[in-house]
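Enquirer: Okay, here's what each chain looks like letter by letter:
2 protein chains.
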Amino acid sequence: MAEYRAPVADMRFTLKHSAGLQQLAQLPQFEDASNDMVSAILEEAGRIAGEVLSPLNASGDQQGLQQQGSEVLTAAGFRDAYQAFIEGGWGSLQFEPEHGGQGLPYVLSIAVMEMWQAANMSWGLCPLLTQGAVEALACSASDALQKAYLPKLISGEWTGTMNLTEPAAGSDLSVIRTKAEPNGDHYLISGQKIFITWGEHDMAENIVHLVLARLPDAPSGVKGISLFLVPKFLPDAAGNPGTRNDCQVVSLEHKLGIHASPTCVMSYGDNGGAIGYLVGKENQGLACMFKMMNNARLAVGLQGVAIAERAYQHAVEFSRERVQGRAAGFDEAGPIIRHGDVQRMLLTMRALTEAGRALTYDACASIDWAAQNQDPERQAQHAVRAALLTPVVKGWCTELAQEVTSLGVQVHGGMGFIEETGAAQYYRDARILPIYEGTNGIQAMDLVGRKLIFDNAAGFNALVSEITDDIRRAEAGGDKLHAEALRNAVACWQTCAEFILQHQASDPQLAGAVGQHFLMVSGYVCGGWQLLRQVVACQSDEEVSAPYKEGKLKVCNFYFQQILPRIQGHADTLQKGSEAVMAMSEDEWLSGIG
Amino acid sequence: MAEYRAPVADMRFTLKHSAGLQQLAQLPQFEDASNDMVSAILEEAGRIAGEVLSPLNASGDQQGLQQQGSEVLTAAGFRDAYQAFIEGGWGSLQFEPEHGGQGLPYVLSIAVMEMWQAANMSWGLCPLLTQGAVEALACSASDALQKAYLPKLISGEWTGTMNLTEPAAGSDLSVIRTKAEPNGDHYLISGQKIFITWGEHDMAENIVHLVLARLPDAPSGVKGISLFLVPKFLPDAAGNPGTRNDCQVVSLEHKLGIHASPTCVMSYGDNGGAIGYLVGKENQGLACMFKMMNNARLAVGLQGVAIAERAYQHAVEFSRERVQGRAAGFDEAGPIIRHGDVQRMLLTMRALTEAGRALTYDACASIDWAAQNQDPERQAQHAVRAALLTPVVKGWCTELAQEVTSLGVQVHGGMGFIEETGAAQYYRDARILPIYEGTNGIQAMDLVGRKLIFDNAAGFNALVSEITDDIRRAEAGGDKLHAEALRNAVACWQTCAEFILQHQASDPQLAGAVGQHFLMVSGYVCGGWQLLRQVVACQSDEEVSAPYKEGKLKVCNFYFQQILPRIQGHADTLQKGSEAVMAMSEDEWLSGIG
Numbered sequence: 001m002a003e004y005r006a007p008v009a010d011m012r013f014t015l016k017h018s019a020g021l022q023q024l025a026q027l028p029q030f031e032d033a034s035n036d037m038v039s040a041i042l043e044e045a046g047r048i049a050g051e052v053l054s055p056l057n058a059s060g061d062q063q064g065l066q067q068q069g070s071e072v073l074t075a076a077g078f079r080d081a082y083q084a085f086i087e088g089g090w091g092s093l094q095f096e097p098e099h100g101g102q103g104l105p106y107v108l109s110i111a112v113m114e115m116w117q118a119a120n121m122s123w124g125l126c127p128l129l130t131q132g133a134v135e136a137l138a139c140s141a142s143d144a145l146q147k148a149y150l151p152k153l154i155s156g157e158w159t160g161t162m163n164l165t166e167p168a169a170g171s172d173l174s175v176i177r178t179k180a181e182p183n184g185d186h187y188l189i190s191g192q193k194i195f196i197t198w199g200e201h202d203m204a205e206n207i208v209h210l211v212l213a214r215l216p217d218a219p220s221g222v223k224g225i226s227l228f229l230v231p232k233f234l235p236d237a238a239g240n241p242g243t244r245n246d247c248q249v250v251s252l253e254h255k256l257g258i259h260a261s262p263t264c265v266m267s268y269g270d271n272g273g274a275i276g277y278l279v280g281k282e283n284q285g286l287a288c289m290f291k292m293m294n295n296a297r298l299a300v301g302l303q304g305v306a307i308a309e310r311a312y313q314h315a316v317e318f319s320r321e322r323v324q325g326r327a328a329g330f331d332e333a334g335p336i337i338r339h340g341d342v343q344r345m346l347l348t349m350r351a352l353t354e355a356g357r358a359l360t361y362d363a364c365a366s367i368d369w370a371a372q373n374q375d376p377e378r379q380a381q382h383a384v385r386a387a388l389l390t391p392v393v394k395g396w397c398t399e400l401a402q403e404v405t406s407l408g409v410q411v412h413g414g415m416g417f418i419e420e421t422g423a424a425q426y427y428r429d430a431r432i433l434p435i436y437e438g439t440n441g442i443q444a445m446d447l448v449g450r451k452l453i454f455d456n457a458a459g460f461n462a463l464v465s466e467i468t469d470d471i472r473r474a475e476a477g478g479d480k481l482h483a484e485a486l487r488n489a490v491a492c493w494q495t496c497a498e499f500i501l502q503h504q505a506s507d508p509q510l511a512g513a514v515g516q517h518f519l520m521v522s523g524y525v526c527g528g529w530q531l532l533r534q535v536v537a538c539q540s541d542e543e544v545s546a547p548y549k550e551g552k553l554k555v556c557n558f559y560f561q562q563i564l565p566r567i568q569g570h571a572d573t574l575q576k577g578s579e580a581v582m583a584m585s586e587d588e589w590l591s592g593i594g
Numbered sequence: 001m002a003e004y005r006a007p008v009a010d011m012r013f014t015l016k017h018s019a020g021l022q023q024l025a026q027l028p029q030f031e032d033a034s035n036d037m038v039s040a041i042l043e044e045a046g047r048i049a050g051e052v053l054s055p056l057n058a059s060g061d062q063q064g065l066q067q068q069g070s071e072v073l074t075a076a077g078f079r080d081a082y083q084a085f086i087e088g089g090w091g092s093l094q095f096e097p098e099h100g101g102q103g104l105p106y107v108l109s110i111a112v113m114e115m116w117q118a119a120n121m122s123w124g125l126c127p128l129l130t131q132g133a134v135e136a137l138a139c140s141a142s143d144a145l146q147k148a149y150l151p152k153l154i155s156g157e158w159t160g161t162m163n164l165t166e167p168a169a170g171s172d173l174s175v176i177r178t179k180a181e182p183n184g185d186h187y188l189i190s191g192q193k194i195f196i197t198w199g200e201h202d203m204a205e206n207i208v209h210l211v212l213a214r215l216p217d218a219p220s221g222v223k224g225i226s227l228f229l230v231p232k233f234l235p236d237a238a239g240n241p242g243t244r245n246d247c248q249v250v251s252l253e254h255k256l257g258i259h260a261s262p263t264c265v266m267s268y269g270d271n272g273g274a275i276g277y278l279v280g281k282e283n284q285g286l287a288c289m290f291k292m293m294n295n296a297r298l299a300v301g302l303q304g305v306a307i308a309e310r311a312y313q314h315a316v317e318f319s320r321e322r323v324q325g326r327a328a329g330f331d332e333a334g335p336i337i338r339h340g341d342v343q344r345m346l347l348t349m350r351a352l353t354e355a356g357r358a359l360t361y362d363a364c365a366s367i368d369w370a371a372q373n374q375d376p377e378r379q380a381q382h383a384v385r386a387a388l389l390t391p392v393v394k395g396w397c398t399e400l401a402q403e404v405t406s407l408g409v410q411v412h413g414g415m416g417f418i419e420e421t422g423a424a425q426y427y428r429d430a431r432i433l434p435i436y437e438g439t440n441g442i443q444a445m446d447l448v449g450r451k452l453i454f455d456n457a458a459g460f461n462a463l464v465s466e467i468t469d470d471i472r473r474a475e476a477g478g479d480k481l482h483a484e485a486l487r488n489a490v491a492c493w494q495t496c497a498e499f500i501l502q503h504q505a506s507d508p509q510l511a512g513a514v515g516q517h518f519l520m521v522s523g524y525v526c527g528g529w530q531l532l533r534q535v536v537a538c539q540s541d542e543e544v545s546a547p548y549k550e551g552k553l554k555v556c557n558f559y560f561q562q563i564l565p566r567i568q569g570h571a572d573t574l575q576k577g578s579e580a581v582m583a584m585s586e587d588e589w590l591s592g593i594g
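If you're matching them up, the sequences are chains U and H in order. Going by our numbering, the letters in the first sequence line up with residues 1 to 594, in that order. Going by our numbering, the letters in the second sequence line up with residues 1 to 594, in that order.
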């Protein structure tokens, strides 16, 4: 099985032109992010991803995890790989130098993060969660907590988790029951949490759990939830892991995919209460989780791009090697990549992946700009832009990962269904992406409810005008065909948005019933915009190779012909409203059984 | 986990109105297929599917199979279930009384077959393959072979397999290398076959392999392939299993799904040659396989419908029980089925499933009519109709099974990714369907190449005029809205067909590049036609319940609003031709890596 090779050329180009990394690097705080430094980081991370993590992907899937009492043993090689990650300082790229970070742009860390996820999604979830914990603590925790925990989390010596879900509290966090009792300078936490990714493992000396829980006098609902830091080992006076805290893994889930990533049932306070420290203010736990959750959603969209890239590379390699049948235009049997249907599948995979990458990096760059811009108004604009794009990145890029990994199986024919081939693992692993960090149904509601309706389309209109500027630029550069197609697509998107804005007040079911269609139209339109912008940028970029430039043009062309037309069906359906969706009566759902 | 409940009401209705079973029952040879008899068969088969097979589905998936030397042990309960199947005579419904069959319509056996596949796809593959072997032998084998083998295969005492694929010969059978040496009244077969479903197992006393192989002097390519019957045990003088033949299982594949169905590497002739008997004429093996393969393709489409139904029932049950969040229009938290996005997912599952069922049963009824009609011209028309619909049923119904089983996972949220829930198994099992019995890429080529272009659209035009009659009927019945929508959809389909017919000569890549889009448009249009015809039939059917009638109307309405609009994107793309699909140069496929 060929190992993953980081698509460094496309990452570098996308960072430069879609994420504006060169502009970011002109800020004094990012002066280290020179072209050369960026290339060096991408090349070295790519090497580790390809040589260290990728070879552990299939073996990790096969071996899975072993629970021994309250310990979880990871698959062979995982610990060593994680040690290499710590030693390379790969967890610290984007964080504040104050706590040991390298102070590089967030979006650069996103390109590197894509590599870990593509090479080994199970393994990659551990640093992904840790970085989320750093973000939550950096945003909300007291100085003392930050000082005690951030350096260890940023270095990767300790890892982090998010503890939100309980058996009765999944998408609806308002019914969380885990308790926190004040007890001197800390709290005693008790309750059960489920679906805790990397909740227990043997790769790091300590694990820092961020736990949502309820104080005794807390108001009911989401306004009574607080956030606590609960370390597996309480730091001793020297800051090293000391006393074992009263929290442990109860069991591991048996899952469809990501077999090497421990998904834990965690129990807190079986022996009197786990010691926890309040992060942020009482009853404002969800607000503290907010930044972490938003960035985690972008990261999950990124995982979709990553696994799509992996599936694409695998399918290209196979279809070049597998000889079967005589393709049209050839005299003899040859590799299946010659067949039209195979090329259609491969290009669909490629076009969705590159569009998704560009959109994700662009959205993540807005996080950088929102944090770094000195002008509060511009800062707010970037924040609104990032907020608008977040559900699109999470929802659309994870949906496309389903399609791309399924096509990856299909390109392999019968071999695709055989586990040893590897294509099936991407397909299984990818299936979690539309589910965790808020299902795509939740993303669609967020997009339509909070980001469109509540905002009265201000952010949406700003994005449309940004896209319109890019369309003019493409037109001025001579690409009238794609410019015209994108203009029509944007008009279609606007019609959808207007339909929702006009009808939402009179139809409370609308957002739920058609939200997914709006999300998909948004994704396809934004994906087309990103690729067209890249084609325009290609024309004047002297640093890219001829095959890269030609390939990008063809990918964009394919996207506009084969992918973008999908919006028509979604838009048409959306404008039918909620009536047909909400029509069924209770006794009709299973009326076919009789 | 709730067990499968056969959708007897929808099956009965679909047999009656989509497959014209009442008209078939007016033929003297089918006089046994009375309404009462059909109901009794469906009810009893449904009971066995729900009570015997369904409970073994998850346990079979978990246990998988055990190979011990040249034996394969099936999962607990599988043997007993198969014994019950034999004792009930369930394998004999549609076969000739001459060989022990019950002489009932093929399409009735299809409804029963749907139940086995829905209840337990792994198990269901065994009778599915056996019935395929019966069809091939009944069509092509000598009287002596038929007499020796058909009664045992029809009773189910012996099971059958198809041996086509070899490591280098998958979609392209022309390069088959398995050899057959003439040796007196039989042949000696030697070679290796892969992907042999139920190639070895412990459920029956004998296994009858149908093997494609090449005679010493055979012409190269597909014109040099012959078909041989190779029994695991040679029948003794009394017709019972005697001497063990020189064929055995080498290994079992480790697959993404259908874990309880043995997928065997088979070796023939390790000890001098397996004794085989020629079926049909020398070098005409593919023609002999033809009928078997066509019906097997319909059966695989049926499996798509079956597993979609199972996933749908599971998702409805879960979403009625799982309480999470307050839905729009409600004052308090309730079951997730109240949410718009959940209803959208469930109705998408339901609408695709019922449309797929109606289309599949209708196509299968054409097989009956083609066999039973006395008028050769009408017979030929039915045969052309069945041939045209076969790739649509196989391709479209298996694609929809991917979407439906994925939505089934999604409705479950985080629980969907946990194997114990069961939704993930349907998703894994279903993934084989677009691959085996000719990948969907092959189906698309068959539809566009053989069934549209080669036929110069004669069969296509006949089907369009049949649909147009049904549109008029719907209009006359007052359903102008759906009639108009279907008329537009048919016009769009015709435009696609005309585009292909006009451009295929000048563009040899066209069929490969856009075939899949034509297949999907064909499926969606035919699915809409089927549901509209059912709605019209509902109006005058006194036998169906009010919830069934209301449910069908709402399903059709949903389909026309939420599913049918998808054809726009496919049709638009198809008419762009092959250029963007076939554009990539060799050095551009991985140009993103750099």
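The set of hints was computed from the structure by calculation and includes no laboratory data. A portion of the hints provided could be inaccurate.
Since copy identity is lost for identical chains, a pair holds within one copy or between any two.
[Said to hold, decoys possible] Computed cross-link-like contacts, EDC-like style, restricted to lysine to aspartate or glutamate with a CA-CA straight-line distance of at most 16 Å:
| no. | residue 1 | residue 2 |
| --- | --- | --- |
| 1 | 549 | 587 |
| 2 | 576 | 375 |
| 3 | 549 | 586 |
| 4 | 147 | 466 |
| 5 | 223 | 87 |
| 6 | 480 | 572 |
| 7 | 576 | 543 |
| 8 | 549 | 236 |
| 9 | 179 | 470 |
| 10 | 147 | 87 |
| 11 | 480 | 43 |
| 12 | 223 | 282 |
| 13 | 179 | 32 |
| 14 | 549 | 205 |
| 15 | 179 | 166 |
| 16 | 576 | 51 |
| 17 | 179 | 331 |
| 18 | 549 | 420 |
| 19 | 576 | 44 |
Enquirer: Please list, smallest to largest, the hint numbers that this structure does not respect.
Expert: 2, 4, 5, 6, 7, 8, 9, 10, 11, 13, 14, 16, 17, 18, 19
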